[in-house]
Structures are given as structure tokens and as C-alpha cells.
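Protein chains: 2
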Amino acid sequence: MMHLAAFLFTPGSHSAGWRHPDAVPECDMEFSEYVRIAQVAERGKFDTIFFQDTVAVNGSGALDGVSRYRPSQGRTAYLEPTTLLAALAVVTQRIGLVATATTTYNEPYNIARRFASIDHISNGRAGWNLVTSQIEDEAGNFGADHHMLHAERYERAEEFYDVVAALWDSFGEGALIRDKASGNYIDPSKIHFQDHVGKHFKVRGPLNMARCPQGRPVVTQAGSSGPGMELAARTADLVFTAQSDLGEAQAFYKDLKARARKHGRDPSHVKIMPGLMTIVGATEAEAQAKYRDLQGLLSDENSMRLLARLCGDLDIFALPPDSPLPPLPLSNAAQARQRHLMDKAARENLSIIQTARYLGTSLGHHLLVGTPQRIVDTMEQWVTSGACDGFTLLSPHYPRPLEQFVDLVVPELQRRGLFRTDYAGHTLRDHLGVPVPPNRYEIANA
Amino acid sequence: MMHLAAFLFTPGSHSAGWRHPDAVPECDMEFSEYVRIAQVAERGKFDTIFFQDTVAVNGSGALDGVSRYRPSQGRTAYLEPTTLLAALAVVTQRIGLVATATTTYNEPYNIARRFASIDHISNGRAGWNLVTSQIEDEAGNFGADHHMLHAERYERAEEFYDVVAALWDSFGEGALIRDKASGNYIDPSKIHFQDHVGKHFKVRGPLNMARCPQGRPVVTQAGSSGPGMELAARTADLVFTAQSDLGEAQAFYKDLKARARKHGRDPSHVKIMPGLMTIVGATEAEAQAKYRDLQGLLSDENSMRLLARLCGDLDIFALPPDSPLPPLPLSNAAQARQRHLMDKAARENLSIIQTARYLGTSLGHHLLVGTPQRIVDTMEQWVTSGACDGFTLLSPHYPRPLEQFVDLVVPELQRRGLFRTDYAGHTLRDHLGVPVPPNRYEIANA
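Just so you know, the protein sequences line up as chains R and H, in that order.
Quick note: the first sequence uses the UniProt record's numbering, first residue 1, plus one each step.
Quick note: the second sequence uses the UniProt record's numbering, first residue 1, plus one each step.
Treat the hints as calculated values from the structure; they're not laboratory data.
Please note that the accuracy of each hint is not assured.
Claimed, not checked - Here's a subset of chain R near chain H, in silico, CB distances under 7 Å, partners left out:
#1 R114
#2 I118
#3 V369
#4 Q373
Said to hold, decoys possible - Once the Cα atoms are required to be at most 27 Å apart in a straight line, the calculated BS3-like pairs of lysine-lysine come out as:
#5 R:K180 / H:K290
#6 H:K45 / H:K257
#7 R:K257 / R:K45
#8 H:K199 / R:K202
#9 H:K190 / H:K202
#10 R:K190 / R:K180
#11 H:K199 / R:K199
#12 H:K262 / H:K199
#13 R:K190 / R:K202
#14 H:K190 / H:K180
#15 R:K202 / H:K202
#16 H:K180 / R:K290
#17 H:K45 / H:K290
#18 R:K262 / R:K199
#19 R:K199 / H:K202
#20 R:K290 / R:K45
We treat Cβ as the ideally placed atom computed from N, Cα and C, and that holds for glycine.
Isolated chain R, as found in the complex (with noise of 0.2 Å):
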């Protein structure tokens, strides 16, 4: 069974998507779009929505010496991921509320609280993207003008995940009695300490919440450098990843599942789940020309200032734009994604400008464009070789090209079984099939 997560990165993921005459740009700030993004999701019976999240205006670092901000074509404001998530739960019943929040400006027991209360709010549909912040126009907002290195990012991250799953542990099954005879609200043997005192942190515990319904809230993760790979295979129930060539995917895929099963866990509780833009027509021609009229309305300039982000002390614009891309100085940013880019250029010899306006288009990610046959047959591919357990979907603009998908994509996925007709489940570790995690507390105690 394949797993479908549709990605929110408003106003679209295609850099101009949201210029399209069928575009509501408006859908970064308007809470009752989002609503209608979810419900459509909803109808399609993915698995769950995913909410990207960057806590600055992207670009915003960037000083030019002329105006202070180098505006983007695109994400610049958008509603705060966990609140959000937390009022979309009131308006779905089935599908899955993941949301990124940073391991690099946050403490532990504010995260493990606010996913824990989503949790329980939306009885057992929350999920936590764990990430490392990655761009530099992050730091200035958080007291630090250069960003963390990488490797420390990481060493934080791995912590940081240690003290949230413990904190999440802290209420055994039944502490909370509330018995009114006996005016005994807690059983206090039941109420676990974590005394976690490590490199990065020190935290006391326990976290005051119930255990919530999925026992932890499912976690996901999106890197895919070494670091990142590693504390996937540890700590992720759902990794999102870049890959566009079928090969690429399948050692990705194989090499994840084996340091799954090395840190001793199950690997088909770690579900990958690249990233797949569809561009979806009733005939070749028709998905062709949908194809041409984004396109169209990409900017070179702002596609140039994509890639310029990954480019480091690289001046891109200084190179001829037609010239082959060159190596990336790995920067302390986005290791994969830089990698993912440099392999995909070569493999499809691909000059500067059109590595940027692959950028521009799908974030770098995977895109389909043809008949809902077509692109279910590379799905298909895809997900019975070994290349992944499913996909994470994203749209060029809101709500449209979602719709398109779920009306003409997701039945043809249903017709060839490879895709659930309705939720079996109520939780997203249902929908996901990962269990529910033992309380690490009650097992030394049994």
C-alpha cells in the first residue's frame, strides 16, 4: 500500500505557480484556505498534510547594499505551523497534521508539549518534521549571526530528539486517576522523571501532559546528508527526501533501511517518501501544455536567485548562464539537497540556468507531467522496486493542481490497488502503519 503526504508550501512549490490564472496566492495567509487545501487532501485519503516551515522570510539575510531584502517571488508569509496544525484538526477527522519545527531555536519541552497537545487534539493525527535549520537568514533572528556548523546542528538534533521522545514518555498509562472519593487526582509511581543532562541540554521532566493517543507523535524527518541519514534511521517514522532518478532512489531506499535495521529498528516502520510534483492532463498534449504555461511564468532571475542560495562563496552570476553547472562548494546549509542538484545536472547535462529553473519549478524535486495513466505507471514503478514507500506531493500552486490530483490521479492509484479507498485507521500511525511505541518507562518497570 502506498503512502501519499501532500506538502504544504504556500503559496505554491513552483517558484511562479502562484502567478497562474488558477492560483489563490492568497492561501499563504487565509486560514480558510488552508482549510480547503486540507479537506481536499482529506477527500483523497492521503495520509497526511506536511507543512514546511523556515522561522525568517527567506531572502531576508541578503543585503545587497541597495534595499535591505531581496524579495522572492513566492514564500514570504505564511500562519505559524503548530497553531495552525492545531485549528486544521478541529475541520479534518482522519488525515495526519505533520509540521516542521526547528531542533536549532527551540527547547525540548516547548516542542514535546506542542505536538503532544496536537496529539491529543486531534486524537492520535499529530506528526513532528524534525529538521536542523538550514539557511543563514534564520540565525540573524535568534541572536546569532552566523548559523550553527552543520555537524553541531546535528549532534543538537540527535539530543534534542532524545529529550522529546523521553518527555513524551513522561505519563504511564492510568496516572492520571482523578479518583474524587479519594481526592487522589495522580498516581505519582506512574509519573516518570528524565534527569536528562547532556552536551546540549538539561532537562528535568517530566512534561505535564497525558501520554498522548499515539503514544509519541509520529516523527519525520528530511535530511539526507550523512548526518541526516543517520538520524532518520534512528528517530524517523516518515523521512521526505529528493530523489528523481529511479536508480538514485532505489540505493537511498536500501541504504536508509539498512541503518534503520542497524539501530535495531523494524525498517518497514520507516517509511520514505520522496517528493513528486505532478502535472496532470486528461491527454499528453493537454498535461504538456499546463507544463509550458508555468513555465512560462518563471522569472530566470528569480530561479538564479534560487540556486544562488545554494551556491555558497560560489558567485553563480558571475558565471555565463549556459555554462554547465559547476561543483557546489558544500556549504553549511543544505549538504543533500546541493548534492542532489550537482548529480541530477551531470546526469542530464543540465547549464546553470536550467538547473535554476529546475529549482524554480519543483523545488528541486521530483515532476511527472502526462496522463493520471502515465504518471501512476512511474508511481507504480517507484514504489514496487524499491525506490519508496510513497510520496510526498507537491503542487505548483493552491488548491487546483491538488484537486487535479486527487480527482484524476488518486482513483486511477485505487483502481490498480495500489492505494487505500478510504482510511482503515483513525490515527496517522494507522494510516502509516508504524505501531504505537512502548512507554520506555513501563518497560523496565514490567
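Take the given structure of chain R and dock chain H to it, following the hints.
Then chain H, alone, in the frame of chain R:
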């Protein structure tokens, strides 16, 4: 016009109220019970709900050598306030949504985002109760063995507020153009950087969020110490305080309004709303019987434990319970509450155990027991004699006492013209009569 806030302190502000036969103590963790409470308060046309918060299990820091955790009879676990308010925004239409978030263990950028997001989701009903963390229990969850000193906490809070308020002005009116034809998503001249560099924080900005419907979410403050009053006078739209003596309340009111004037503010824009617990009966006898029922549930041991938390190094258990309350050594915790207790005990000749029971009954807040007429007599006297602008209503348990207030007391307030019969406006600022502040960056440009 009187203002009313419904204090949310699940499972009840009376420390044993949850044991009452009518009580639903599951309101601590059950979202559906919070919905019920919020909807009752909205039916009663309350200005706002007001959710108290602590980032620890109360009493968890008490090492007694035997069990690690000294159970308090009551408040232990509950939903996280910002996610809860966001979800409640969807099931209410008009009532304000205020939650506590500490300045001691958060980052300004994260707090600014969450409350602005709730303001967008609720169409202008969000409020942030800005506090400094009071209890040692919290320190252990955030890397510290001991709590930040009182003065330093307030210094940090002052700067924290300044950064948050500035971040809320990041986007000017019309900053998000979203012009499909030109491809201009934003107007860079309307995106404002903070470039804050202070003793505690360094924050560049801008916030990645359009300015919210209220301009700024309402800011509330509960500090009643000297530094607490200064912070409130400078920053708060609503002040929650503990006053149970008319004369003292008048003095506090006059003092705080004068301080607001000194800060260049219109004193009528700072609403002072002391805590009030009511126990209502159709007759005086019925009300008194209800009060006795509730008092019969109190445990002296538990009440003494509540008092002990406010006694610092003084071992209150070593003193005879019937002796007069001794001077409490002003601790690093809640100094204003300590003073309030000492004043009350001196005024009414309360013994240690009587003071403890007072604390256990209403969290140390003003208690009125009687018929709707008698209760409204006192409320009217307070608002018409310059003691307050309204009240923050504490419920001994949920939801019945709140329902009784709405069904019995609110109509009497309305009959006397003291309280609205329906909402006139849509935002929390509308309800409070506190105007939308101008955007600081746009005044400068004008």
C-alpha cells in the same frame, strides 16, 4: 461597561473543586471539554477566555527523599495553551482567546509568530499573557538548576516585549501585493527589519507573517510586584491581579493608571481585571451550602502544601497551624502574591491554616458567596468606585460553576446595564475598547 474574562485553570481554581459531584476533571486533557467551557463563556458574552500556564508539573521540583513527586490534588496535566487557543478559534466566533506564555524560557521570534498566527486564524481575537516564570519547578526543564533572579526576569521580559511588539510591525499595510501580472509578490519597501541588539536578545527580523487583524494581539500582564506593575503600565492592555479588599484595589488601580499615564499612555486603554471567584445560589442559604460542600472537600495537607510553595526557606510545617501567619521571606517567586496573602492575613487575623485554606479555595483571589443580587452588588461597587474595570472569573471546577455564573449572574449584570447583552465588535480589542496600535514603521514614514 464592565469587562469579563473567564480564567481557564483546569481542572479548577479551587484546589479540591474537581472532587465535587458536578465536576468534570477530565477537562484537563479533553479537548471537547475545553470547547464546552469556551462556548459557555461566549454564550455569557465574556470578553475573553484566559488560559494560565506553567511549563512544568507543579510541585515536581520538590525532592522529599521518598517519592520524587509530591502530588498536588489537582492541576497536573493539560493541553498546551497556544495550540489549544488556535483550535478553540475554530469553534467560537467572537470571544477573545488569551493564553500565557513565559518570557523566561522562550525566544521572542517564536512567541511573536504563534500569537500573530492565532490572531489571523481567529480574525483578531488573540491575546498574549506575558509572564515571567515564577516557580523553581520550571527552571529544571530548561537547563537551569535555579531560577533566574526576579529582577533579571523582569529585565528580560521588558526587552522580550519590545522585540515581540516590533516584530508584529514587520509588515506594513499592503506589503503582500501578490500581483500575478507583474510577478511582484511583495513590496520590499513595506517589509520592516528590527535589527534589535539588546542585552538579552539580538533579533534581525522581519517576522514572516502579515500584520495581524488587531495590529498587535492584545497583551495582558499579571505581575503585581513593583517591576511587574511597571511592565504592565508600559505594555499591557489588560491586567489580571489579585485584590480582595476594596481600598487596596482602589489604591492599586490608581497607582497602575498613573504609571500608564507616565508612560504616555491613555490610562483607559489599560483594563484592570482582578480575579474573582463566585459561588452563586438562588438564596443566600443555598450559596452558603454550596460553599460548605466545596470546603468539605479541601484537604488541609494539600492546602498547606500550596502555602508552603510561597514560603521560600521558611518551614511553614514546623509552626503550629493555628498560630498567626508569620511574615513570609520574600522569595524569588511570586512576590506580589506573598504580599497579598500577608495583607489579607493581617487584615482578617488569619492563622496559618486559615490562610492555607483561603489559598486552596480561590488561588488567593477574591471570593464572593451569595445570591446573584448580592454578588452583583459588590461587582458594581468595585467597578463604579475606581477599584477595577472588570473581573477575571475563576471557577472552582468546570463547567457547572461557569454555567451558573452565565445563567444567574450575567443576566443581573445586564439588567443593571453593567455588561453587554451582545458583542458589538468582532475583535478582542473591540470588546475591550482598546484601539489598534499604529505600525511604528509607518508613523516614521508618514
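Structure-based check of each hint:
no. : hint            : in the structure
1   : R114            : holds, 5 Å
2   : I118            : holds, 5 Å
3   : V369            : violated, 22 Å
4   : Q373            : violated, 32 Å
5   : R:K180 / H:K290 : holds, 17 Å
6   : H:K45 / H:K257  : holds, 26 Å
7   : R:K257 / R:K45  : holds, 26 Å
8   : H:K199 / R:K202 : holds, 24 Å
9   : H:K190 / H:K202 : holds, 22 Å
10  : R:K190 / R:K180 : holds, 18 Å
11  : H:K199 / R:K199 : holds, 25 Å
12  : H:K262 / H:K199 : holds, 24 Å
13  : R:K190 / R:K202 : holds, 22 Å
14  : H:K190 / H:K180 : holds, 18 Å
15  : R:K202 / H:K202 : holds, 24 Å
16  : H:K180 / R:K290 : holds, 17 Å
17  : H:K45 / H:K290  : holds, 25 Å
18  : R:K262 / R:K199 : holds, 24 Å
19  : R:K199 / H:K202 : holds, 24 Å
20  : R:K290 / R:K45  : holds, 25 Å
This entry does not satisfy hints 3 and 4, going by the numbered hints stated previously.
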